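Full structure from sequences and hints, please.
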Amino acid sequence: MIQKWERAVPVCEVPIWTRPFQVLCGLGALAVGLVTYRELAGLGPASGMNDAYAWGIWKTFNTMTLTGLGSGGFAVGIAAWLFRRNHLHVVMRTALLTSFLAYLSGLMLLGVDVGRPWNFYWILTPWRWNVHSPLLEVAFCMPVYAMVPLLLENVPPVLDWVYEKQPQYRELVKRAEKVMVRFYPWIVGLAYLLPAMHQSSLGALMLLGGDRVDPLWQTPWLPLLYLWAAAFMGFSCVAGTLLFCSLMWKRPIDLSILSEMNRITAGLIGWWLAFRFADLMVRGQLLTAFRANIYAALFWIEVLFLVAAVFMLRDSARQRDARLMFHAHLVAAVGGMLYRFNPTTLAFQPRPGAFYFPTPVELLISVGFVSLAIAGFVFAAKVLAILPAPMRLWYRMEGVTEKVAVFPGHAEEREYAAGD
Amino acid sequence: MAKEIGRLKPTIGEHLNYCGVSRRSFLQLCTALMVTAPVGLSLTQKANAWQVAQTIGKAKRPSVIWLHFQDCTGCSETLLRTSRPDVADLILNVISLDYHETLMAASGAQAEAALKQAVAENFGKFVLVVEGSIPTKAQGQYMKLAGRPALEILKDLGPKSAAIVSMGSCASWGGLPSSGPNPTGALGVDSIVKEKPVVNIPGCPPNPYNLLAVVLEYATMGRLPALDELNRPKFAFDRYIHDHCPRRAHFDAGRFVKQFGDEGHREGWCLYKMGCKGPVTHASCSTRHFNEIPDVWPIGVGSPCVGCTEKAVAFEVPIFEVADIHAATPPEALPLINTRVGTIGTAAAAMVGAIAGGIGGAALMASKRLPGKQAMAENEDEEKIPPAGRE
Amino acid sequence: MAMTRREALRKLTTGTASVVATGAAGGAALSGVAVSEEKPQVRPEALGLLYDATRCVGCQSCVAACAKANNLAPDMRVNGLHQIAYDLNSTTKNIIKLYKPADGRSYSYVKQQCMHCVDPACVAGCMFKALKKDSPTGVVTWTAKLCVGCRYCEIACPYHIPKFQWEGFNPKIVKCELCKERLAKGDQPACTEVCPKNAVIFGNRGELLTEAKRRIGESPAKYFENRVYGEYEAGGTQVLYLSAVPFQNLGLPDLPEESVPQKYLKWQKRVYSYLAVPAVLYASMVGVIRGNWKEHLEHMEKDEEETGLRPQL
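Protein chains in written order, with our numbering: chain A, 1306 to 1725; chain B, 10 to 400; chain C, 306 to 618.
A couple of the hints might just be wrong.
[Stated by the list, open to error] Going by beta-carbon spacing under 10 Å, a handful of chain B positions derived as facing chain C:
| id | residue |
| --- | --- |
| 1 | Phe260 |
| 2 | Asp261 |
| 3 | Gly263 |
| 4 | Lys267 |
| 5 | Asp333 |
| 6 | Ala342 |
| 7 | Leu343 |
| 8 | Leu345 |
| 9 | Ile346 |
| 10 | Thr348 |
| 11 | Val350 |
| 12 | Ile353 |
It should be emphasised that the hints constitute simulated quantities derived from the structure, not laboratory data. The structure displayed is predicted, hence computed values, not measured ones. The beta carbon of each residue, even a glycine, is placed where N, CA and C say it ideally should be.
This is the structure in C-alpha cells:
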C-alpha cells in the first residue's frame, strides 16, 4: 500500500490557537484597524498612490496577482473534471478552499481600495453598465464567482462537519446534499466559466494602459496569458500548500498525486513560455528584451524563474524529491506572480518622472489581509475535513479499527495505535 | 466759519473765489479726487478734472457737523496733515465745517450754541461726520460732552442729519476702544443709529480724500456712493491692499523681508513675513497714499500693514503675526512639463525587504525538513516512508 | 476506465458539436460586432478649444479664472502663500507649464487640461459611465453619483488628465469639463474668456480645425511639422494644439491614429459580444462534466460500500 491520499481529514492533533495562528490573527486585526484609518483619512495619507500610479499594490497585487494564486479551484478542477485526472479529486477541497480565501481576501481589499464604494450598488443595474469595460467584467464576475459557485463548492466540508457535530440537523444535511448532487455539474461548469472570464479580464485591464506598459508585456494576448498564468499559479499554490501543510502538521505526502500535479504544471508553464516568446517574435519585440535597462532585466528574471521552475518540477517529480518539489512550486508561483504584477506597476511608466512605492500602512494592510486568508485556511483545515490524507489517519481520528478488504469477501481487522 | 454774501449761501465756486483760492489749486484738488475714486463715484465719472471742477463749483457748500466721541482726533488730523497748507485750507473751504470741537475758535457755551444753530439752520440737510466710538456701558457714562453722554448726543443729532459718515475705524466699528475686553462697550455708529444712511470710512486714520469724495458726492449729486455689505464705499474698499500693492511682484517672486533692516528691507521687498496684513485688509492705501507724497504710507515706508480698517484684524491679530491668505494667485514661477512624483520611504523599503526576505527565508528554512531525494530513495518500502517533518 | 463504443461515440459527438458550436457562435458574434467597430466620428456639433502655444505668454490668467469659475480652492500646499500646482491635481483643472530647453532659447508654454477625445479611453474604461461624452457637444463630463472611485480612468488616459482627490472620505475625480455650467448659460469657458492674447479660443471643433490650418497656411515655417496636434491623435481630440516646438517637448505624447479603445479593446468586445462565446463554452463544459459526474458518483457509492464512510463531495 503506497502512501496514498484517499480522504480529506481534519488536522485534529494540532491545537487551533497556536503562536503562528496568533501572529496571523494579530496581523489581520492590525490590517482591519488600519483600514478604518484609510476610510477616514482617505487613500492619500494611507498609501503611496499618486495620480501617476493611481493603482497601488492593493488592486494590483492582492486582487490581480494573488487571485492568480487563488485559481487552484479553477485549474485543478478543470484538470479533474474536464480532463478526467481523477486522482486529483482528493485535493479538490484544498484547492477550493485556497481559492475561496484568496478571492475573499482579494475582493475585500478591492472594496477597501475603491474611493467611492457607496456607489457600487450600480452593479445591480445592468442597463447602467459600460459593458465594454474590462473592470466592470471583473467587478461583476469575481464577486459572483466567489459568492455562488465557489462558495457552493466549499459547502460540502461544512455539511460534513454539521453532520458529525450537530446530529440534530442530519436530515437537513442530507437534503442539502441531494440538491447539491442534482445541480453539481451546473455549479462546477459556472466555476470554470466565470474564472475563465475574469482572470482573462484582469489581463485585459492593462490593455488600456496602452504603450505606457512596456512592450515586453503589452500584447493583445494579455488576457490569455493572464488566464494561462492563473492556471499554473493555481497548481503551484495548491501543491505548495499541500507540501507546506504536510510539513507543518506532520502529515503523509502522496508523491504520485504531487508528481502528476508537477507534470501538469510543468507542461502549462512550458507551453506558456513558448507562447510568450512566439508573441514577442510576432510583434517584433524580441530585441527589446536585450536592452540594457530595468524592464529587460525584469523580463529575464521572470523568464528565469519560470524556466527554472519547469526543470525543477520535472526533476522533483522524477526523483520523487519532496523538498525540491516545494522549491519548484515556490519558484513557479513567484515567477507567475512577477508576470502578473509587472505590467501593472513595475513595467508601467505613465509619464517621465513618475514613481511609486507603497507606504508602510499600505504594506501592512496588504500583508494583513493575506494573513487573514491564511489564518482562515489554517482554522478551516483544523476544524473541517479539507487536507487529504491516507485512510488510516481518518480511522485514527475516529479511534476505530479499520476493516480492510484484503480481497473481495475477506476482511481483516487491523488496529491503529496512537502515533501511527 | 460760514461766510455769507448777501443773504444767499454761496456755491463752492463762488466761495473759493471769495477766499482767494487759486483755480489751479482747485483743479489739482479735483484731479486728486478723480485719482481717489476712478470708479464707483458718479462725481468723478467725468472726462477730465475741468468737468469735475464745474460740477463741484456749481454745488452749495455742504454743511458738515463733526462730532468727536471716544477718539484720538487722528481722523481730524488726517484731514489737516496735508503737505502744503493751502490744500487743508482748500478742503475746509469746499465743505462748510459748521461744528468741529478741535478746529473751531469757540468753546464752552459758545460752542454749544454754535452746534444748536448749525443743526437748526441745516436741519435734515447737513452731513454728520462722527469721529470716535460711542461707549454704551453704564448708560454711556464713559464719554460725556457738556454733561450729556455720547450715546444721547448721537441719538439726538443722528436722525436730524441727511446722512452720517463714520470717519475712522472707531466710528465705523468701534476701533481701538473696542478691542478686547471692551470695558466701555464701545460701538460704531451704525450699531446705534439705524434710521439714517451711514457710510463707514474705516482706517486709523483713513485717507482724507475718501471722506472728501463721499461728502462731495452727496453735495453735488445728492446721493451717497455705492456701499458694500459693511457700508464702506466700494470705490475705496472693494479690494485688498494686497491686490494693488506696489510690492506685489516681490511677493509673487518670493522675495520677502526677513528682518527689519536687512538687505531685502533696503531693497523694498515684500513685508508679508513681517506680519503685513495687506492680503486680508480692504482699503485704498496701496493706490492712494498719504500727505500727497507718493509712497508715504505704511508699506511704502517699510512698515507692514496692520489692517487698521478691518475689525477682525486691527486690534485683534498681533502686528507681527503672519496673515492667512484666502485668495491665492499663481506665482511668477511655472512648473516644468514633467515633475517628479512619488518617493520611496526608508521604512517602507525596509518593510518590503523584511516581508520578502522573511517569507522566502522561512519557507526555505522550513522546507529543509521536507524529506529530500535521499530520504525518499532510502525508504522505497512504502510502509516506512516517513511523514513530513520526521526524518 | 474502459469505455464502451457507445460512450466513446457519444463523447466524441458532444466534443465535436461543442467545438463547432463555439466556432459558429464566435463567428456570428464577430460578424455581428464588425458593424460597431467603425472608426469613431467627430460629432458635427463638437465643441473644443484651440490653443496656440506661440501666442501664450504664460500669464496664467486662465489658471486663476478656471479656479474661480469652478469654485476650486487654491492649491497652496507648496508654500502656503501662492497657488502653486506642479501638475494638474485635485484642485487644479487647468495648468500652464513651461518647456525650457537647455539652450534657453526656444522655450514655450503649454496649457494642459482635458483633451475631450473623440473616442476617450477614460470613457471606455469607466464601469458605470460616470465619465461620458455629452451629446451633442462631445464634452467629456464626470458624474459623482455614478463614480465608484476605481481610478481606472487615470490608468487609461494617455494624456494623464483625470486626477483623484487623495484626501478625505468623499473623493472625486477632477478634470476640465469645458465649464459645462457656463456653456449651459451660453457663456464661453472661463479660460478662453479671460485669455488676454486669445492664445486659447473656444468654438466648434470643425471650425477651430479650419482656423488652425489657416494659421499654418499663413505662416508655413512657424508651426511644428505644419500640423495640428489632436487632429488624428488617438482617434482625434476636441482640444487642438499648435506649437512651434515639437509636441513631445510640451508633454503631448506621440500617439497612433487608432483610439485607445479601438486598438486595445477590439478582442474584448468581440469575444463577449452577445455573450455568445461564454454561453457556448458553458454549455459544452457542463456537458462534459455531467458525463464525468455520473462516473464520479458511481465511484463514491462504491467507496461508501467498501469503507462504510460517508462520501466526501
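Hint check results:
With 10 Å as the threshold, the beta carbon of phenylalanine 260 of chain B comes within range of chain C, its nearest partner Cβ sitting at about 8 Å, so the hint holds. Restraint check, aspartate 261 of chain B versus chain C: the minimum CB separation of about 7 Å is within 10 Å; hint holds. The beta carbon of glycine 263 of chain B comes within 8 Å of a beta carbon in chain C, closer than 10 Å, and the hint placing it at the interface holds. With a least beta-carbon distance of about 14 Å to chain C, the hint placing lysine 267 of chain B at the interface is violated under the 10 Å criterion.
The beta carbon of aspartate 333 of chain B is positioned within 10 Å of a beta carbon in chain C (closest approach about 9 Å), and the interface hint is therefore held. Because the beta carbon of alanine 342 of chain B sits about 8 Å from the nearest beta carbon in chain C, less than 10 Å, this interface hint is met. Against a cut-off of 10 Å between C-beta atoms, the interface hint on leucine 343 of chain B holds, since the closest Cβ of chain C lies about 4 Å away. With a least beta-carbon distance of about 6 Å to chain C, the hint placing leucine 345 of chain B at the interface is held under the 10 Å criterion.
Of the supplied interface hints, the one on isoleucine 346 of chain B holds, with its beta-carbon coming within about 4 Å of a beta-carbon of chain C, less than 10 Å. For the restraint placing threonine 348 of chain B at the interface with chain C, the shortest Cβ-Cβ distance is roughly 4 Å, inside the 10 Å limit, so the hint holds. Taken as an interface hint, valine 350 of chain B checks out: its beta carbon lies about 7 Å from the nearest beta carbon of chain C, inside 10 Å. The interface hint given for isoleucine 353 of chain B is violated, since its Cβ lies 18 Å from the closest Cβ of chain C, which is over the 10 Å cut-off.
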